[in-house]
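Asks: Chain by chain, the residues run as shown.
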Amino acid sequence: MARKIVITSGKGGVGKTTVCANLGAQLAMMGFRVVLLDVDIGLNNLDVVAGIENRIVYDIVDVIENKCRPRQALVQYDGIPSLYILPSAHSYNVGKVTGENIKQVIANLGVTFDYILIDCPAGIELGFHRAVFGASEAIVVTTPHISAIRDADKVVSILNSYNMTGINLIVNRVRGDLIAGGEMIDAASISEMLRLKLIGVIPDDDGIARFSSLGGAVTAREAKVNQAYAVLAHNLANGTDFVFDCTEQYRGIWGNIKRSLKRRLN
Amino acid sequence: MEYGTPNSVGMARLKQVLINDKHFNPERLNAILSNDAHKLLNNYFELAPEQVAADIAFDEHGNYIIRIKAVSNRVKIMGILP
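Protein sequence lines, in the order shown, are assigned to chains A and B. For the first sequence, the positions run 1 to 266 when my numbering is used. For the second sequence, the positions run 267 to 348 when my numbering is used.
Bound-form chain A, shown alone (with noise of 0.2 Å):
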């Protein structure tokens, strides 16, 4: 039986996507078998975040419309063989596709699959409540900046409403020197806030630009993140709660010199 989590925020810009793409090779390369589901209709972007952007050939709305089978939409990822992404269609006529028609997609590839990662689109409008209707549990991504906390509280106001068995929540791009300095809100503080388990927090870091423009999964060069992002896949697949400590490298009279010196550079 699949786990089917939609991957939501309410804000855009707070690295769904991102999050999505990178959480799913991290569970992939564990051992599962893992599809990473493009529900922004239109403003699909999970295949360009994974560099498949060139080898599509079919997406979820020929699924739906049945010009082929869910198996011929997947795009297997390069170097991982249990990542497959079901691409999101470009085009702009979306006004057909339905929540029970993504939950009916959902379901046929729950069956081959131990985890089904939805990426939502931005907002609270028809797109969030058809990535949502299929899905059985919720994660909510949010940055520590009051806007982006605002919204994903309304999230979870409406995610509620649905019958979830679970919300959590990761806090993405967050930036350790400024949490040790005290000058950003620190990821327990949102947690406790938005009263949702965090099961991740991922630092703010130059390899996600890197890996932007790349295409493709963080790597092992991007060692922080990339151990972050392992962290949040053994909480998710576990049920534990460890958390990434992003502070520790600027904690104590060294820690002091590098935010010092971070700062000046910046």
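One or more hints might be untrue.
Here are the simulated DSSO-like cross-link-like pairs (lysine-lysine), alpha carbons at most 27 Å apart as the crow flies [said to hold, decoys possible]:
1. K197/A x K11/A
2. K335/B x K305/B
3. K11/A x K281/B
4. K281/B x K154/A
5. K11/A x K335/B
Ranges of calculated distance between the beta carbons of each label pair, as one might list FRET restraints [to be verified]:
6. E312/B x I146/A: 46 to 52 Å
7. K154/A x R333/B: 23 to 29 Å
8. D325/B x Q227/A: 36 to 42 Å
9. Q282/B x D241/A: 46 to 52 Å
10. V337/B x D241/A: 43 to 49 Å
Example chain B residues on the side facing chain A (calculated, C-beta under 10 Å, incomplete) [to be verified]:
11. L284
12. N309
13. A336
Hints in this document: simulated from the structure, not taken from any laboratory. Cβ coordinates follow ideal geometry from the N, Cα and C atoms, glycine included.
Here the structure of chain A is known, so what remains is to put chain B in place on it, guided by the hints.
Replies: Structure of chain B alone, referenced to chain A:
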């Protein structure tokens, strides 16, 4: 003007924003809650809808404090199964 570290000021602002949002989100919640409370209490008491009032407030942590006030001068006679 709030003073403190950016973190503590941010937390205070966030808390205020979330509490305010909760104030304005459930616009019709009071009326719906009063209506439902009346339906329930009317099984046991003689009550007109306007004799039931619901009030939703918030504490400093953003938790809902729900108060329902109903005034009745007559208890309905309960039927007993033979």
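Asks: The structure should be examined with respect to each hint, and the outcome stated for every one.
Replies: Here is how each hint holds up against the structure:
1. K197/A x K11/A: holds (19 Å)
2. K335/B x K305/B: Distance ~14 Å between K335/B and K305/B Cα, so the pair holds.
3. K11/A x K281/B: Cα-Cα ~18 Å, so holds.
4. K281/B x K154/A: Holds: K281/B and K154/A sit about 14 Å apart, inside 27 Å.
5. K11/A x K335/B: Violated. K11/A to K335/B sits at ~39 Å, over the 27 Å cutoff.
6. E312/B x I146/A: 46 to 52 Å: holds (50 Å)
7. K154/A x R333/B: 23 to 29 Å: holds (25 Å)
8. D325/B x Q227/A: 36 to 42 Å: Since the Cβ atoms of D325/B and Q227/A sit about 39 Å apart, the hinted range of 36 to 42 Å holds.
9. Q282/B x D241/A: 46 to 52 Å: Violated: the Cβ-Cβ distance is about 28 Å, outside 46 to 52 Å.
10. V337/B x D241/A: 43 to 49 Å: Once the Cβ atoms are compared, 48 Å apart, the range 43 to 49 Å for D241/A and V337/B holds.
11. L284: holds (5 Å)
12. N309: violated (27 Å)
13. A336: Check failed: Cβ of A336/B comes no nearer than 27 Å to chain A, outside 10 Å.
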